[in-house]
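These protein sequence lines are chains A and B, in that order.
Heads up: the first sequence runs through residues 1 to 112, numbered per the working numbering.
Heads up: the second sequence runs through residues 113 to 222, numbered per the working numbering.
Derived by calculation from the structure, the hints in this document are not laboratory data.
This one's a predicted model, so the numbers in the text were calculated from it and none came from an experiment.
It is possible that part of the hints are untrue.
Unchecked claim - These stretches of chain B come out as covered by chain A in the derived footprint (C-beta under 8 Å, 3 or more residues): (1) 156-169; (2) 211-222.
What the hints assert, rightly or not - Over 10 Å on every C-beta distance to chain B, these chain A residues come out as not near it, computed from the model: (3) 16; (4) 22; (5) 26; (6) 41; (7) 43; (8) 44; (9) 45; (10) 56; (11) 60; (12) 61; (13) 72; (14) 75; (15) 77; (16) 80.
Virtual Cβ for every residue (Gly too), placed ideally from N, Cα, C.
Okay, here's what each chain looks like letter by letter:
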Amino acid sequence: DTEVTQTPKHLVMGMTNKKSLKCEQHMGHRAMYWYKQKAKKPPELMFVYSYEKLSINESVPSRFSPECPNSSLLNLHLHALQPEDSALYLCASSQDPSQTQYFGPGTRLLVL
Amino acid sequence: AQRVTQPEKLLSVFKGAPVELKCNYSYSGSPELFWYVQYSRQRLQLLLRHISRESIKGFTADLNKGETSFHLKKPFAQEEDSAMYYCALRGVNYGQNFVFGPGTRLSVLP
C-alpha cells in the first residue's frame with residue numbers, strides 16, 4: 001500500500017456536532033500531518049506528529065483536536081466548529097519530518 | 113520567517129510553447145525547495161525536490177540562492193500539464209514547518 005487514505009471524503013456537520021476525520025498510511029512513515037486548505041488557497045499546516053508525538057501545533061483553535069493512536073493512523077477530532085472552518089482537510093505523511101510529504105485526497109468539510 | 117511567493121495566479125501558454133512558473137522565497141538559512149502539482153480532482157503530489165536535481169515529466173527547477181528563486185521550467189508545454197502548481201519551502205532545522213506558496217494555475221491551450 002503506497003497511498004495515504006482519508007475518510008470520509010465529504011462531511012457535513014452542524015456547529016454543535018462532534019465528528020472525526022481519519023487518515024491512514026501503511027508505508028511505515030513516522031511523520032504525519034494535518035493541513036487545512038480553503039478554496040483557491042494553498043494548504044496551511046495545522047499539526048505535525050513525529051514518531052507518534054505532537055511536535056508542531058500551528059496555533060490551531062482547541063475545537064480541533066488531533067490524535068495519533070499508532071504510527072499508521074492519524075485522527076482529527078472536531079467539536080463546536082464554525083462555518084468558517086469549512087475547508088478541505090488534507091493529511092500527509094513522510095518517512096520522517098525531513099523527508100518528502102505524500103498527501104491524501106482530503107476530506108471536504110462543510111460546517112452549517 | 114519562511115515565505116514563498118508565486119507572482120502569477122494564472123499562466124496561460126499554448127501547447128508546445130516554453131513555460132516558466134516563478135517561485136521566490138525568503139529564509140535566513142539554507143532551505144529545501146519543492147514543487148507540488150495538483151491536477152483536476154486529484155491529490156496534491158510531489159513534482160520536484162531541489163536536492164534530487166531530476167527532471168520529472170519534462171519539468172526542471174534550479175535553486176538559485178543568489179536570487180532566492182526556484183523557478184519551474186519546461187521547454188514544450190503539453191495540454192496535460194494544465195494544473196495548479198505550488199512551490200513549497202521547508203527549513204532544514206528540526207521543527208521547521210512546511211510553507212506553501214499561493215500557487216499558480218497553469219493553463220495550456222491547444
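Checked hints:
1. 156-169: It holds: at least three residues are needed, and the segment 156-169 of chain B offers 4 whose Cβ sits within less than 8 Å of chain A.
2. 211-222: Coverage by chain A holds for the segment 211-222 of chain B (5 residues, Cβ < 8 Å).
3. 16: holds, 31 Å
4. 22: holds, 16 Å
5. 26: holds, 16 Å
6. 41: The claim is violated: residue 41 of chain A sits with its nearest Cβ about 7 Å from chain B, within 10 Å.
7. 43: The claim is violated: residue 43 of chain A sits with its nearest Cβ about 5 Å from chain B, within 10 Å.
8. 44: violated, 8 Å
9. 45: violated, 5 Å
10. 56: It is violated; residue 56 of chain A is separated from chain B by about 6 Å at its closest Cβ, not greater than 10 Å.
11. 60: holds, 12 Å
12. 61: holds, 18 Å
13. 72: holds, 18 Å
14. 75: At about 19 Å from chain B, residue 75 of chain A clears the 10 Å cut-off, so the statement holds.
15. 77: holds, 21 Å
16. 80: holds, 26 Å
The structure does not agree with the numbered hints 6, 7, 8, 9, 10 stated previously, though it agrees with the rest.
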